[in-house]
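Number of protein chains: 2
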Amino acid sequence: MRLEHPHRTERFGAVHIRELQRVVELDSGEERMVRRADDLGPTCSVSTEAIRSIERDLVIVVPCMNETRKVIEGVLSGIPHDCLIVLVSNSDRHPVDRYAMEAESVEQFCRFAERPAIAVHQRDPGLAAALRAAGMPEMVAEDGLVRPGKGEAMLVGMALASLSGRRYVGYVDADNYVPGAIVEYCKAYAAGLHLAASPFGMVRISWGSKPKLRDGRVFYSRQGRSSEVTNRFLNRLVGEYSGFGTEVIATGNAGEHALSLELGLRMRMAGGFAAEPYQFIDLFEQFGGVLETAHTDVMAATVPVVQIESRNPHFHDDKGEHHVHGMRTQALGAIYHSQVCLPEVRAAIQEFLVAEGVVGPGDEPPVERVYPPVGVLAIDLFLDVLRAEATSLRQVWRPMPEGLRTTLPEQSLPVRERSVTVHIGE
Amino acid sequence: MRLEHPHRTERFGAVHIRELQRVVELDSGEERMVRRADDLGPTCSVSTEAIRSIERDLVIVVPCMNETRKVIEGVLSGIPHDCLIVLVSNSDRHPVDRYAMEAESVEQFCRFAERPAIAVHQRDPGLAAALRAAGMPEMVAEDGLVRPGKGEAMLVGMALASLSGRRYVGYVDADNYVPGAIVEYCKAYAAGLHLAASPFGMVRISWGSKPKLRDGRVFYSRQGRSSEVTNRFLNRLVGEYSGFGTEVIATGNAGEHALSLELGLRMRMAGGFAAEPYQFIDLFEQFGGVLETAHTDVMAATVPVVQIESRNPHFHDDKGEHHVHGMRTQALGAIYHSQVCLPEVRAAIQEFLVAEGVVGPGDEPPVERVYPPVGVLAIDLFLDVLRAEATSLRQVWRPMPEGLRTTLPEQSLPVRERSVTVHIGE
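Quick mapping for you: the protein sequence lines, in order, are chains L and A.
For what it's worth, the working numbering labels the leading residue of the first sequence as 1, then goes sequentially.
For what it's worth, the working numbering labels the leading residue of the second sequence as 1, then goes sequentially.
I should point out that these hints are in silico values taken from the structure, not numbers from a laboratory.
All figures in this text were calculated on a predicted structure; none of them were measured in a lab.
Just to be clear, a hint being listed does not mean it is correct.
What the hints assert, rightly or not - Counterexamples of contact, computed for chain L against chain A with all Cβ distances above 10 Å:
1. Val218
2. Glu228
3. Val367
4. Val385
As the list claims (entries may be wrong) - Okay, derived cross-link-like pairs now, EDC-like style, lysine to aspartate or glutamate, Cα gap no bigger than 16 Å in a straight line:
5. A:Lys210 / A:Glu309
6. A:Lys210 / A:Asp363
7. A:Lys70 / L:Glu309
8. L:Lys212 / L:Glu292
9. L:Lys212 / A:Asp317
10. A:Lys212 / A:Asp175
11. L:Lys210 / L:Glu142
12. A:Lys212 / L:Asp317
13. L:Lys70 / A:Asp317
14. A:Lys210 / A:Asp175
15. A:Lys70 / A:Asp173
16. A:Lys210 / A:Asp173
As the list claims (entries may be wrong) - What the simulated footprint calls covered on chain A by chain L, stretch by stretch (three residues with Cβ under 8 Å from a Cβ of chain L suffice, anywhere in the stretch; the number is not a length):
17. 251 to 259
18. 285 to 296
Note that beta-carbon positions come from the ideal geometry of N, C-alpha and C, so glycine has one too.
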């Protein structure tokens, strides 16, 4: 993959936000005669080998809710083979058990593609029990189940990823009609994590375009309705600190993002649709140099945030105005209530939400739930309870070559040791 | 890339038509532990190295007519780096010179991507002069210019490809909104040509789906309106010979296809939109064992036609009913007038076209123009006249690394010798 170099980088303490980099070529070919990242040209090509070496260490989490089988199959077909697939579903189980269909799709796909995968249902009581036992009772609602938001699905995905022994986790939404876009996102994660050149790297995707139906034709608009607002206030926050207005943040709402688990296990995660914008807030709070930090090792390094503009359009279901408003309010609430949010920004957010009719004058936006970092989980306990109680848990194994198989593989999670980590996945 | 094995193969003389193979994974990962083509499993993975080795020998021709700049840039970004790009444009030159914009897009892209490309305008009098001088006056209309059809653009592309010294040529339409689909087509060409395992292989793509706007939402239909009819009559033709009805042909109208130049230079090409279905007809006529053949070497080998169903949807402009009817009539005309078309098939085509109101009862469908094979061209003469007279010809060079460049490269076509072929391209 060939990318533009970022034109500039904004710093917020140890957090280095690189300006949006366009994808120049989806496949930049063989390694001979390619520019390296430190060459002076306008673009750099990340070699297939560098990308593969990240992919071998990359878990792709697919949060999923009531998507059609065909769409899920397309998404799976786009996840590069060397990545480990983790499906976290919040689909209906009644009257039709949609999760059962999804799990079957995953199993069928993996049988043909000869690769492993893990699937779990977000509302499986066994999952809630595992999280509670491992030290994160905050994730469990009054009904005894994990809360149903997207941030919660992402957190579950990260917990599973941390069991795999791999070093990176990335997310792709399941409601994507273009398998080629999934390939691009995953390749961009690998290329970006490679270019980040830090153990604490993060990559966030800005969609090349988001097609909408308008007057009977498809219009390829540049930015989502919610992203524009989230980015504006995140940039305002950065600008108020530096004294220079900026548009550096282009990926406030990026559902498509990836990060090292070294970073991810230290990050607090917000629930619902505040999850993605809250990642910036948490980076600023923990590594921005404004508040006390618990992680002096990260502060001594850098936290590069690589932002990549994809080439593919993002075709997904339009979830409607209500959905957009909900996302926007949750995102702005996360910024508003942060300890690093300056009064000017807070006032601007309040003013915006009043004008939108979301809150009354003088009212504050709702506070989003924030969870502790996945790193606090007693991961061996989490795995034990999960294996014992989560009946929705499916693990598909990499099949043995036909001639070698003597028995069907056991349908239980293996425990392998690599240093001190407990593994699942392959 | 991982593909299903074809379930069966139909033979028509030396032509082996393999049933449609689905793409299972767009990226099938590293080479360790992959199934080979001759393994017994349901799928096979074509290694990155095998794909790259075809790509290094592959020319991708992009026939183009009045597409927007953004769409062309997306298409270019999807063509794997190691392939040589050839743009054959039939865009308007007045009142705005759209070809100039296209050529500029190609040049800009190639500067960033550090790769070569060739562009020419189909209606350049110099191109017509070159074709006439080289022995193909049939391509030139009364106005002294190359005829404006799509088949003619494809023929020009193949002539340019044959000058590059590369071994394969593939086609992708320029009106494609999904760069990731372009990547998939090119990877499928390379994988299919590898699996064809013959010097005379051909790969044809069937789109995974063709989205259409219907009642304000996007509907992902399986087959185009024109393809269904073309495939039906081509299959009828094959079935009449074998005595068994068949649905093996799924790619009669495949604009997306690739083939070896060893095969391509021997094939006659039809004009306009008959070009793609006529490829099957020409294969049957020349290598089907029904008529005399001029190529006993090909008959002694096989001509594998690999058909691949892509994962990506094909988002392009809807050119409307009129366009579809035109395509359909041209395609059926090509089948009808073939010497290998049996009377039963001819009667069925006639009946269909009468029912559609295209021809009157007793009338024959129009005869499509058929050109001699590109192999008849005196290729050195073609190049000489092209270089001297085709003012629209652009060749973008692979730039030298900055530190090494001493002068700007000349903007003229190089002539390199490799065995007896004249080269342009790199």
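Quick rundown of the hints versus the structure:
{"no.": "1", "hint": "Val218", "in the structure": "7 Å, violated"}
{"no.": "2", "hint": "Glu228", "in the structure": "20 Å, holds"}
{"no.": "3", "hint": "Val367", "in the structure": "37 Å, holds"}
{"no.": "4", "hint": "Val385", "in the structure": "33 Å, holds"}
{"no.": "5", "hint": "A:Lys210 / A:Glu309", "in the structure": "12 Å, holds"}
{"no.": "6", "hint": "A:Lys210 / A:Asp363", "in the structure": "33 Å, violated"}
{"no.": "7", "hint": "A:Lys70 / L:Glu309", "in the structure": "14 Å, holds"}
{"no.": "8", "hint": "L:Lys212 / L:Glu292", "in the structure": "44 Å, violated"}
{"no.": "9", "hint": "L:Lys212 / A:Asp317", "in the structure": "15 Å, holds"}
{"no.": "10", "hint": "A:Lys212 / A:Asp175", "in the structure": "15 Å, holds"}
{"no.": "11", "hint": "L:Lys210 / L:Glu142", "in the structure": "37 Å, violated"}
{"no.": "12", "hint": "A:Lys212 / L:Asp317", "in the structure": "15 Å, holds"}
{"no.": "13", "hint": "L:Lys70 / A:Asp317", "in the structure": "23 Å, violated"}
{"no.": "14", "hint": "A:Lys210 / A:Asp175", "in the structure": "13 Å, holds"}
{"no.": "15", "hint": "A:Lys70 / A:Asp173", "in the structure": "14 Å, holds"}
{"no.": "16", "hint": "A:Lys210 / A:Asp173", "in the structure": "14 Å, holds"}
{"no.": "17", "hint": "251 to 259", "in the structure": "violated (count 0)"}
{"no.": "18", "hint": "285 to 296", "in the structure": "violated (count 0)"}
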